[in-house]
Structure formats: C-alpha cells, structure tokens
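Residue numbers (numbering that gives the first Met the number 0), protein chains in the order written: chain P, 0 to 188; chain B, 0 to 188.
If you're looking for bench data, these hints aren't it; they were derived computationally from the structure. Nothing here was measured: the structure is a model prediction, and the numbers come from that model. Watch out, some of these pointers could steer you wrong.
You can't tell identical chains apart in this list, so a pair holds if it fits in one copy or across any two.
What the hints assert, rightly or not - Calculated cross-link-like contacts (lysine-lysine; reagent style DSSO-like; alpha-carbon spacing at most 30 Å):
| hint | residue 1 | residue 2 |
| --- | --- | --- |
| 1 | Lys50 | Lys40 |
| 2 | Lys40 | Lys121 |
| 3 | Lys121 | Lys155 |
| 4 | Lys121 | Lys50 |
There are 2 protein chains.
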Amino acid sequence: MARWEPGARERLVVAAVELFADQGYDATTVTEIAARAGVTKSTLFRHFSDKREILSAGQEALSGRLAEGIADAPPDVSPLDAVAAGLERASEAFGPVNRAIGPQLRAAIASSAELQERDALKRVGLSVAMTDALAARGVAVPVAQLAAEVGVLAFKQGYAAWIEADDDTGFGPYAVAALDTLREASSEL
Amino acid sequence: MARWEPGARERLVVAAVELFADQGYDATTVTEIAARAGVTKSTLFRHFSDKREILSAGQEALSGRLAEGIADAPPDVSPLDAVAAGLERASEAFGPVNRAIGPQLRAAIASSAELQERDALKRVGLSVAMTDALAARGVAVPVAQLAAEVGVLAFKQGYAAWIEADDDTGFGPYAVAALDTLREASSEL
Chain P
0 MARWEPGARE
10 RLVVAAVELF
20 ADQGYDATTV
30 TEIAARAGVT
40 KSTLFRHFSD
50 KREILSAGQE
60 ALSGRLAEGI
70 ADAPPDVSPL
80 DAVAAGLERA
90 SEAFGPVNRA
100 IGPQLRAAIA
110 SSAELQERDA
120 LKRVGLSVAM
130 TDALAARGVA
140 VPVAQLAAEV
150 GVLAFKQGYA
160 AWIEADDDTG
170 FGPYAVAALD
180 TLREASSEL
Chain B
0 MARWEPGARE
10 RLVVAAVELF
20 ADQGYDATTV
30 TEIAARAGVT
40 KSTLFRHFSD
50 KREILSAGQE
60 ALSGRLAEGI
70 ADAPPDVSPL
80 DAVAAGLERA
90 SEAFGPVNRA
100 IGPQLRAAIA
110 SSAELQERDA
120 LKRVGLSVAM
130 TDALAARGVA
140 VPVAQLAAEV
150 GVLAFKQGYA
160 AWIEADDDTG
170 FGPYAVAALD
180 TLREASSEL
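One chain only, chain P, in its complex shape:
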C-alpha cells in the first residue's frame, strides 16, 4: 500500500462524520471509520491520533486562516472589517465536502455530550486566534475580544445558514452576511 493516499484524510473525515451521525460517537470505532473510508487503520493513525481528533481536523488551519486574513486587512479598516477579511480568508478552506457533511456533523454533535464540549472548546480557540490577531493590529484588548466574539458568532451563524441553503454560493458570503447582521445589532445593545 502506498504511503501517500490522495484524499484519504478527507475520506476519513467524511466516513467518521457519517458513522457518528448514524450510530453515535461513542459506539463508533476507528476500525469502522477506516473500513468505511477504504483505508487501513495504520493509515488512519498516520492522519489522526484518535477518533476525537478526526472532528478537530482542520481547526488549527482554520484559526490560522482567520488570523492571516485579519493580519492582511488594510491597516485603516475597523476591527469588524478586519474580522470580515478573516472570515473571507477562512472560507477558502470550505468546499462542497464541508457543506455536504454539515447536517450530519450537526446531528453528531447534538447527540454527544463529548462532542458538544469539543465544539465549545473549538469556539474558544477561534475566539482566541481572532483576539490575538486583532490585538496585533493595535486594537485595544476589550474591543478585540468583543470583535472576536462577533466573528465567532458570524462564523457559526453563517455556517448554519450555508449548510441549510441550496445554492452555489460559497461559505464566505454567508459568513460576511451574518457579520453584517451582527454589526447592525451592535448599535442596538
């Protein structure tokens, strides 16, 4: 078996999410995930240390893209405009597969306390990444923290709207639309 298997990582994520949604996170074994993805268990363990990590796949890359987009925004834009740039950069990592597995991923999380905790912690990680990136631009810390929370909300709400919609639009416009709604809301606090 070749050590390099194109698409194995993505197939493993899809297989895991399907199994988690079908039969529950706790009941799913790495052996089943590898079998459904059509790879050996040793291939699975080259990509992920355990089944939990399969659901965290891409989180660091996502945080990195959010931070890069914020860092690369023009220096004179507002904190929320910088967050919008972060969301647009992050959206480049969201393809049709992400959209397709969205409803099953949501079902899997809803059915597992452990996955809900993991999801909540992921949210904290995204917030920290955005706060740090905004602070590095010179944004005052309370403003950076608040803008990052708005960014996380926009990310989550944009994602929920995106996976429910039936169109050819990418994730970016959904995330930015959610951010614009929250931007308006911030004037009514």
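Following the hints, complete the assembly by docking chain B onto the known chain P.
Frame of chain P, contents of chain B only:
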C-alpha cells in the same frame, strides 16, 4: 450519620477544587474528595453523581439567576442594561468561598483538557440562558445573541478581576465594571 449535613456540599466543592489544583483532575478520586471534605462517599454521591459534576455545581442555578435578573429588569432598559441586572442578580450567589477557591479553580482548569472543555461548554450554557431571557423581553435575536456574548465576557472578565483583587467588594461591581468596559468597546467595533 445524619442524612442532612449542613455545609457538606460546599465543603465537597472546596475539597475537590483543592485536590484538582494540587494533584490534577485525572489523578483525584471521589474517595479522596470525600475524605478531605470529612464526609462519606455516600454523602458525596447524594450531592453529585461524579467528580465532574462537582465542578458544574451551581451552573444551573447561575443560569437561572442571570435569566431572572434579565427578566425582572425594567421593560424600557437597553439589552446591555438588562444583562447588567442579570449579572447583579447572579452575583448574589458569589460569596467569599467562591472568591477563595477562584485561583485554585483556575489552576485546575488550566491543567486539564477535560476541565477546559467543561468550562467552554458552561460558557455556552450561560450564553444560551441570557439569549433566551433577552429574546423573551422582545429583543431581536441577533441583538440578544450579541448582548449575551457581551454578558458572558463581562462575567468571565469580572470574575478574573474579582479573584485577583484584595478588597471587600462583592462580585457584582466587578462584573458590572467589566460590562461597562465592553459597552464602551462596542462603539469602536
């Protein structure tokens, strides 16, 4: 042994937090927690189903107080003023013991991935409770969600400042001061 033991619940929480901070969450058993609190294991299990639950102690009551304070705020106040009323109501549940165990609780959470996840999920629970209470006042959903996130940030930041300070002030003024800082920050988004 009497079934009703005044203070047993609070002693168990303090004992658990001390042990988690000293020797780590994973290494601490319910037997050790009961022994340090000076109660039997069966008393511990009358109060908590497992050691994780000891750290979630009071979370539902806290969410309830936040929601009640928001519901009871005068009808014409702004969403953030309603959140401030929720924080003030919640602060009634925070006494000297909460302040005293704060640094150890923080150390325990910092040392355990499992406790970090639990803490992150607690945060989501507080946010949902405040969002629902604000929406029940007729606040538009995006505004309610945003105000709730500001409330959670104020809660966390106020708590961090409170446990670090050395004065006789209760939790309430710290939480409200943090909220005021974030309120000002919201105009700079």
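Hint-by-hint comparison with the structure:
1. In this homomeric assembly, Lys50 and Lys40 come within 30 Å of each other (Cα to Cα) only inside a single copy, at 11 Å, whereas the closest approach across copies is 34 Å.
2. For the identical chains of this complex, Lys40 and Lys121 are intra-copy neighbours only, at 26 Å inside a copy versus 35 Å across copies, given an alpha-carbon limit of 30 Å.
3. In this assembly of identical chains, the alpha carbons of Lys121 and Lys155 lie at most 30 Å apart whether taken from the same copy (11 Å) or from different copies (18 Å).
4. Proximity of Lys121 to Lys50 under the C-alpha cut-off of 30 Å is found in both arrangements, the shortest distances being 16 Å within a copy and 24 Å between copies.
Hint check: no violations occur; every hint is consistent with the structure.
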